[in-house]
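Visitor: Chains as they are written, first to last, in my numbering: chain A, 319 to 531; chain B, 319 to 531.
Hints should not be assumed to be uniformly reliable.
You can't tell identical chains apart in this list, so a pair holds if it fits in one copy or across any two.
To be verified - BS3-like, lysine-lysine: derived pairs with alpha carbons at most 30 Å apart: (1) LYS431 / LYS449; (2) LYS334 / LYS489; (3) LYS431 / LYS334; (4) LYS462 / LYS525; (5) LYS462 / LYS514; (6) LYS499 / LYS415; (7) LYS395 / LYS462; (8) LYS522 / LYS422; (9) LYS334 / LYS462; (10) LYS395 / LYS525; (11) LYS499 / LYS514; (12) LYS525 / LYS458; (13) LYS449 / LYS330; (14) LYS499 / LYS330; (15) LYS415 / LYS458; (16) LYS489 / LYS431; (17) LYS415 / LYS514.
Calculated directly from the structure, the hints in this document are not laboratory data. On a predicted model such as this, the values are computed, not experimentally measured, just so you know.
2 protein chains.
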Amino acid sequence: MTSLHFNSVDFKNFDKNFRVHLINSLGGFKSVVMVATKNPNGIENIGIFSSLVHIGANPPLIGLIFRPSPPIRDTFKNIIETSYYTINHIHKDILLKAHQCSAKYDENVSEFKEVGLTPNYLNDFSAPFVKESHIKIGLKFIEKIDILSNRTILIIGEIQEVYLPENALQKDGFIDLEQAKTLTCSGLDSYHETQKINRLSYAKPDKTLIFID
Amino acid sequence: MTSLHFNSVDFKNFDKNFRVHLINSLGGFKSVVMVATKNPNGIENIGIFSSLVHIGANPPLIGLIFRPSPPIRDTFKNIIETSYYTINHIHKDILLKAHQCSAKYDENVSEFKEVGLTPNYLNDFSAPFVKESHIKIGLKFIEKIDILSNRTILIIGEIQEVYLPENALQKDGFIDLEQAKTLTCSGLDSYHETQKINRLSYAKPDKTLIFID
Numbered sequence: 319m320t321s322l323h324f325n326s327v328d329f330k331n332f333d334k335n336f337r338v339h340l341i342n343s344l345g346g347f348k349s350v351v352m353v354a355t356k357n358p359n360g361i362e363n364i365g366i367f368s369s370l371v372h373i374g375a376n377p378p379l380i381g382l383i384f385r386p387s388p389p390i391r392d393t394f395k396n397i398i399e400t401s402y403y404t405i406n407h408i409h410k411d412i413l414l415k416a417h418q419c420s421a422k423y424d425e426n427v428s429e430f431k432e433v434g435l436t437p438n439y440l441n442d443f444s445a446p447f448v449k450e451s452h453i454k455i456g457l458k459f460i461e462k463i464d465i466l467s468n469r470t471i472l473i474i475g476e477i478q479e480v481y482l483p484e485n486a487l488q489k490d491g492f493i494d495l496e497q498a499k500t501l502t503c504s505g506l507d508s509y510h511e512t513q514k515i516n517r518l519s520y521a522k523p524d525k526t527l528i529f530i531d
Numbered sequence: 319m320t321s322l323h324f325n326s327v328d329f330k331n332f333d334k335n336f337r338v339h340l341i342n343s344l345g346g347f348k349s350v351v352m353v354a355t356k357n358p359n360g361i362e363n364i365g366i367f368s369s370l371v372h373i374g375a376n377p378p379l380i381g382l383i384f385r386p387s388p389p390i391r392d393t394f395k396n397i398i399e400t401s402y403y404t405i406n407h408i409h410k411d412i413l414l415k416a417h418q419c420s421a422k423y424d425e426n427v428s429e430f431k432e433v434g435l436t437p438n439y440l441n442d443f444s445a446p447f448v449k450e451s452h453i454k455i456g457l458k459f460i461e462k463i464d465i466l467s468n469r470t471i472l473i474i475g476e477i478q479e480v481y482l483p484e485n486a487l488q489k490d491g492f493i494d495l496e497q498a499k500t501l502t503c504s505g506l507d508s509y510h511e512t513q514k515i516n517r518l519s520y521a522k523p524d525k526t527l528i529f530i531d
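Just chain A, with the same shape it has in the complex (with noise of 0.2 Å):
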C-alpha cells in the first residue's frame, strides 16, 4: 500500500475545499445526529450534527461543537434562550431529508417543514423529537465552553429523555445500533451502514480477550 504524507507546509497550501474534505475524513467515523429546537416564538428548526462526542454517563452528558457565530446558527441560539433541544438519530429511509437539514434555511420557517420530516412532542418536553427516527433523546443545556484556538463553542447538555426501540437494548445496558438501523458518516457527505465485528471483553494486564455475545 503506496502512502502518502502531507504536514502543515501542506495544509496551509491545500485550497481551501480540499483541506476541508481531508481534515473532516481524518478523525474516522461519526455519530450524526439530528438537532431539534422550538424558538420562544414556537418556530421549530432542525439542523444536522456529526460533531457529537460523549462526556460522561453519571450524570449523562453528551456535547456538541458549533461552528463561531455570527452568521447566527438557529440551533445553536435556540439551545441558549430555551434550555431544551433533542438529539436524533438517522437511518437509511430518512437519509435524504436529514442530509437537507444542513440546508441554510430563512429562521421564520419550519425546517421541519421544509425537510419533510414530523415534530413529534412526547411527555411535556418543550423541544420536539424527530417522529421518523428509531432513537430520540431529550436533552437540557447545562455549560457552553469557550474554545479559543479557533472560536468554536462546545455545549454539553444532560440527557433527561430516551426514546429506543425495544429490540434494541440489551441486557447489560448496550443498545444495539444496527438493530435501530442508525447510520455513521464520514467526512462531510458521506452515509453508511454498519457491520458488527465483535463485542469484546473487558481488557486487562495478561488476560486474554474474548468475544461477547
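Start from chain A and add chain B according to the hints.
Guide: Structure of chain B alone, referenced to chain A:
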C-alpha cells in the same frame, strides 16, 4: 417497533454498569483510535479512545475528551509534558491488539510491547506512530479545557503530519475510510465495519440532492 422510554429518574436508579453501557451507546457510532505518546524518560504509551471530535479544518484541529484525574492518565500526562502525540486508525487485523490498549499497564512498561504493536518514528516527529495503522496523524497540543459539569478535560491538538494510503484519497480531499479499512465502534466494546451508502451533494433550499461518486 415497540419503544422504550427512560428519564432522569431511571438513569439515577440504573445499576452502574447498565447505565455506563446505555449512555455510551446512545450517542451513535464513534471514531475509535489509538493515541500514542512518549514520556520525558522515553517510555512509550498507547491507549484506545472513542471520544474524538472534529474541531476545525483551518487550522486543522482535533479534540479528545479525557476522564478526570486522579488517577493519573498516562496519555494525558505525556501530552501535557511533551506536547506531541499521535492518533492512529484501527483496522480489523489489529483489532484485538488495539482493544487490549485499554488495559491498565504499569507506567514503566512499553505498552506497544505488551499489546504487540510496533512504534514507528517518522520524519523527526517526537511521538511514536503505530506502524500497523493505515492512517496516522501527528499532533501538537495547543489547548486544555476543563469541563466543569463532570471534571472531564478536552484536549485540542493541531494536526502536524498525516500519513494515509494513496488509494484512499479522492480528488476533492475526501478520504475513503473504507479503502483504508478504518473501523468504527459503539458503546464501550463493540466494533463495526462499514458499508458506504452514498456521498450526497451540498444541501441548499429548493435544490434536489444528488449522489456524488
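Visitor: If the cutoff is 30 Å on CA atoms, where do LYS522 and LYS422 land: within, between, both or neither? Let me know, please.
Guide: Classified as between: cross-chain Cα gap 7 Å, same-chain 48 Å, threshold 30 Å.
Visitor: At most 30 Å between alpha carbons: which applies to LYS395 and LYS525, within, between, both or neither?
Guide: Result: close only across copies, 26 Å inter versus 49 Å intra.
Visitor: Up to 30 Å between alpha-carbons, please classify LYS431 paired with LYS449: within, between, both or neither.
Guide: within (13 Å within a copy, 50 Å between copies)
Visitor: Can you tell me if LYS499 and LYS514 fall within 30 Å by alpha carbon in one copy, between copies, both or neither?
Guide: both (12 Å within a copy, 14 Å between copies)
Visitor: Evaluate LYS431 and LYS334 at a C-alpha cut-off of 30 Å and name the case that applies: within, between, both or neither.
Guide: neither (33 Å within a copy, 40 Å between copies)
Visitor: How do LYS334 and LYS462 come out at 30 Å by Cα distance, when the copy is not named: within, between, both, or neither?
Guide: Result: close both inside a copy and across copies, 29 Å intra and 27 Å inter.
Visitor: Should LYS499 paired with LYS415 be assigned to within, between, both, or neither, using CA atoms and 30 Å as the limit?
Guide: both (16 Å within a copy, 28 Å between copies)
Visitor: At 30 Å max between alpha carbons, let me know whether LYS415 reaches LYS514 within a copy, between copies, both or neither.
Guide: The answer is both: 26 Å in one copy and 18 Å across copies each meet 30 Å.
Visitor: Should LYS395 paired with LYS462 be assigned to within, between, both, or neither, using CA atoms and 30 Å as the limit?
Guide: Both, since 12 Å and 25 Å are each at most 30 Å.
Visitor: For LYS462 vs LYS514, is the C-alpha pair at or below 30 Å within one copy, between two copies, both, or neither?
Guide: Neither: 35 Å inside a copy, 34 Å across copies.
Visitor: Using 30 Å as the alpha carbon limit, work out where LYS462 and LYS525 are close: within a copy, between copies, both or neither.
Guide: Answer is neither: 41 Å inside a copy and 34 Å across each miss the 30 Å cutoff.
Visitor: Measure nothing new, just compare the shortest in-copy and cross-copy C-alpha distances for LYS334 and LYS489 to 30 Å and report within, between, both or neither.
Guide: between (47 Å within a copy, 13 Å between copies)
The structure does not agree with the numbered hints 3, 4, 5, 12 and 16 stated previously, though it agrees with the rest.
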